[in-house]
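So the protein sequences, as listed, match chains A and B. Under the numbering used here, the first sequence has 344 at position 344, and the numbering climbs by one with no breaks. Under the numbering used here, the second sequence has 277 at position 277, and the numbering climbs by one with no breaks.
Note that these hints are calculated values from the structure, not bench results. A hint or two may mislead.
It does not matter which identical chain is used: a pair holds within one copy or between any two.
When the alpha-carbon atoms are kept at most 20 Å apart in a straight line, the in silico SDA-like pairs for lysine to any residue are as follows [to be verified]: (1) K214 x V292; (2) K65 x L124; (3) K341 x D304; (4) K143 x P192.
There are 2 protein chains.
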Amino acid sequence: MRQVVVAGVGMHKCGRYPEKPATDLALEAALNALDDAGIPWNAMEVAYASHVAQGVSVGEAICEKLGMTGIPIINVENACASGSTAIREAFYAIANGVYDVAIVIGVEKMNRGVLGGAGEEGSLERELGLNVMPARYALKANKHMHAYSTTVEQMAKVSVKNHKNGCLNPYAHYQKVFTVEEVLASKMICDPITLLQCCPTSDGAAAAVLCAAKIVRRYNSKPKVFIAGSALKTEKYKDDADLTARTAKAAYEMAAMEPGDIDFAELHDAFTIGEILHCESLGFCPPGEGGVLVDTGRTEIGGDIPVNPSGGLQSRGHPLGMTGVAQLCEVVWQLRGAAAKRQVESAKVGLTHTQGAGGVCSVHIFKR
Amino acid sequence: MRQVVVAGVGMHKCGRYPEKPATDLALEAALNALDDAGIPWNAMEVAYASHVAQGVSVGEAICEKLGMTGIPIINVENACASGSTAIREAFYAIANGVYDVAIVIGVEKMNRGVLGGAGEEGSLERELGLNVMPARYALKANKHMHAYSTTVEQMAKVSVKNHKNGCLNPYAHYQKVFTVEEVLASKMICDPITLLQCCPTSDGAAAAVLCAAKIVRRYNSKPKVFIAGSALKTEKYKDDADLTARTAKAAYEMAAMEPGDIDFAELHDAFTIGEILHCESLGFCPPGEGGVLVDTGRTEIGGDIPVNPSGGLQSRGHPLGMTGVAQLCEVVWQLRGAAAKRQVESAKVGLTHTQGAGGVCSVHIFKR
């Protein structure tokens, strides 16, 4: 396989844009990514568009605004892991020589209200109300609290940290600090998960230009960000498999790395307990110690394993089709040393992680 | 690139199944394809699911019914070309050695009513009513009639032929013959397109197992069907580009073939004028002579270039996410000599073609 680099990234600020079509959000992100890459739109050989509930042929509609050049356009969906899945398809296509340059565009305008999930009409999941995401995570939270004495304060600290980081990110939807007390006192959504421990419903878009390493210097001299590992897996055995751990293992193996090699991570903190669980599964701390990890400040930007320096899903927002690509944007900015006030010092290796309804998980590892 | 074969195919009969979830239609098709391939489900290394408006993570929900094995599952959408796009992603992944075996599953339960298309809220296309498919094709039909003296009878004959073929296909939604008079006398939808010249709104599913050629003999000794050419393109210049011709050119070049090498085709006859236009663009006759081509019987199963022996979209049906995969099923059955009463004699090379809203087109060439 050939080496693949992320030549450029771009975003549209997360927020609520009722008057702006999804394609306009995506267009801005794409233009930013192309500009950042220094590669013209008409050099793109394929486009992957990720979105979950935006309608038919959205990728084509976005590219039409950029000017149709005739290239293959592929719309990819994998719930919350849609963006990561699109990145992976583009990565493998370039790594295997099908194309030299690809653009990945992730976009979503979210419905308002509680985030639904998988589970067909009449399924046990729906009967039990488990198709609603906060309910699923609340069960996980209670289990973790029972098994490891994890506290609600520890969970709240994830929200506090990520909102603090979001204040340093101009693309984040929420730019407001909260205290542990405020997080815990916010409206109870599904015990023990309060409103300020749920990601907001945000609209947004992100884009990335991927390129075969051997040709990127034709276009720009920015620090090269390589894709070192890429894994996408689905849940094997519903109850006892740790999907994130299995997926991470595959990505670590591909990158020939270990958890200790990761300098920072952008991971799926749709609900605060998620960050705690995923830190354990990704190997940043032993099982059961995710609560302590956040408690000790090790996941802060100044800590030894900063998690979600962008503000994460909690503060940047979680427009479904955008998230995986937005994580990549943050990783690239961090690895270039261009993350301004939220810069993770001497960051050389970054990891991204998304997890979605239907039991899908993606882990990518990027290195400078 | 490695050679890739279609090891097995399977379908769920097209029709209307209000009581049956999409995942059950897909499950039946997938089990049929696995059985046909002689390859067990747990040998699949990746799954591509194509569907347009079935909700989130449908591929994961289908695979859960087959039993989750942990593999990557990727949902792909490209309007009417969704199935072909999924086939193409799987083909390239295997050809380039990412995987050895893949399953592609296309499924759709269609909304009732007139088929909408691309065009955002407030766009000129919507203002003009051109987001509704029959309107677009009616304009094309009128233009063709004006330019080449194509007649409504010639268009009606496409419907007559394809419904006749559908009667020979147990998987076709409609199994009823019609006369030219009946087709022309059916309800006018958008002049000159009558109801019996529009594809029905059908539910259905189809699946295919793709496999690296070097390993298929481990599993079965069925006649090998190779993927010889694959192209996916989007509309470059709205008004004067012939998207199908450009896409076909790329597929022919990849297969090192010419239109004369094609023994039969499954193409996008969503409306009868479509078949006439696409026959010209695919090079089966000179420009403007598509009407005459059907008139002379050359596209009948006994003709020199049979078109839509399966019954096509007109009679088999057009469940969006399924269609490209359903076309592949027909091609495999034909190339194996297993198409029973609708067998195209000595068929060695078959072509599939889909075209979708947003300006997407796919052409594949398969050979025995």
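Evaluated hints:
1. Neither within a single protomer nor between protomers do K214 and V292 lie at most 20 Å apart by alpha-carbon distance, with minima of 44 Å and 52 Å respectively.
2. Taking identical chains as interchangeable, the C-alpha atoms of K65 and L124 lie at most 20 Å apart only when they sit on different chains, with a minimum of 14 Å there against 43 Å within one chain.
3. With identical chains, the CA atoms of K341 and D304 are at most 20 Å apart within one copy only, with a shortest distance of 17 Å there and 70 Å across copies.
4. Taking CA atoms no more than 20 Å apart as the test, K143 paired with P192 passes inside one copy only; the shortest distance there is 11 Å, against 64 Å between copies.
Checked against the numbered hints given earlier, this structure breaks only hint 1.
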